[in-house]
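**Student:** Go by the hints and put chain B onto chain A.
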Amino acid sequence: GAVVSQHPSWVICKSGTSVKIECRSLDFQATTMFWYRQFPKQSLMLMATSNEGSKATYEQGVEKDKFLINHASLTLSTLTVTSAHPEDSSFYICSASGQASTDTQYFGPGTRLTVL
Amino acid sequence: GENVEQHPSTLSVQEGDSAVIKCTYSDSASNYFPWYKQELGKGPQLIIDIRSNVGEKKDQRIAVTLNKTAKHFSLHITETQPEDSAVYFCAAAAEGDDKIIFGKGTRLHILP
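Chains A and B, in that order, are what the protein sequence lines are. Following the numbering used here, the residues of the first sequence are numbered contiguously, the last one being 116. Following the numbering used here, the residues of the second sequence are numbered contiguously, the last one being 228.
Derived by calculation from the structure, the hints in this document are not laboratory data. Possibly wrong hints are sitting among the right ones.
What the hints assert, rightly or not - What follows is a list of derived Cβ distance ranges for each label pair:
(1) Glu172(B) x Gly53(A): 15 to 23 Å
(2) Lys41(A) x Val136(B): 16 to 24 Å
(3) Ser142(B) x Met45(A): 15 to 23 Å
Said to hold, decoys possible - List time: in silico EDC-like cross-link candidates among lysine to aspartate or glutamate, alpha-carbon distance up to 16 Å:
(4) Lys215(B) x Glu59(A)
(5) Lys41(A) x Glu155(B)
(6) Lys220(B) x Glu118(B)
(7) Lys187(B) x Glu172(B)
(8) Lys14(A) x Glu59(A)
(9) Lys138(B) x Asp165(B)
Glycine residues also receive a C-beta, built at the ideal position from the N, C-alpha and C atoms.
Just chain A, with the same shape it has in the complex (with noise of 0.2 Å):
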């Protein structure tokens, strides 16, 4: 159980353009995602907090016109990229808490962004 899904698993795309990232909780209902993004040999960074059906929380310096987060479900968040840079280029890894307790996060496998 507490199976969490990403889809793309890898993405390139043009400098400027959208990306959407989906994440998807295949066993259980969550109650809360979240969205992480790693860079080379680093931690995890965590970008947002989003619950069903509420505005996402975003972190202190990421900016919540460019990452776009929507939670429409108890089973699927999204996070589209807006206007891509190749800065933007990283690894986004989605959570899912719900399934044993409120605090108890299982990840989903990332997806790789490449902006050229």
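**Tutor:** Below, chain B alone, put in the same frame as chain A:
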């Protein structure tokens, strides 16, 4: 806010030997301590977690210990195998806080 320190940043262990990774935290309100294993190009996988009402938890070759007084917790892997090679992250969270704070990670190499 909470701050989690993790040591060492890199650890090389002979196959079959034990590996120990240590973390300290700063917020006495933290009461949930998960450990994640991340393989190259993949998302973190929860391998074990402990709550502040217990001092030790074991799952086969993996064990975690917690010292609330000293605010430190450790991951112990016994009889290490090549597939244990990965980056391990410790983390801490306070009750009622949905965010967890991660350490910087330990890159574990299992030597043949």
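**Student:** All the hints need checking, so say for each whether the structure fits it.
**Tutor:** Cross-check of the supplied hints:
1. Glu172(B) x Gly53(A): 15 to 23 Å: Violated, since Glu172(B) and Gly53(A) (Cβ atoms, about 40 Å apart) do not stay within the stated range.
2. Lys41(A) x Val136(B): 16 to 24 Å: At roughly 21 Å between Cβ atoms, Val136(B) and Lys41(A) fall inside 16 to 24 Å, so the hint holds.
3. Ser142(B) x Met45(A): 15 to 23 Å: Given range 15 to 23 Å: holds, Cβ gap about 19 Å.
4. Lys215(B) x Glu59(A): With Cα atoms ~11 Å apart, Lys215(B) and Glu59(A) stay inside 16 Å; holds.
5. Lys41(A) x Glu155(B): holds, 11 Å
6. Lys220(B) x Glu118(B): holds, 14 Å
7. Lys187(B) x Glu172(B): Roughly 14 Å separates the two Cα atoms, so the pair holds.
8. Lys14(A) x Glu59(A): This hinted pair is violated, its Cα atoms lying about 26 Å apart.
9. Lys138(B) x Asp165(B): The hint holds at about 14 Å.
Hint compliance for this structure: hints 1 and 8 are broken, all remaining hints hold.
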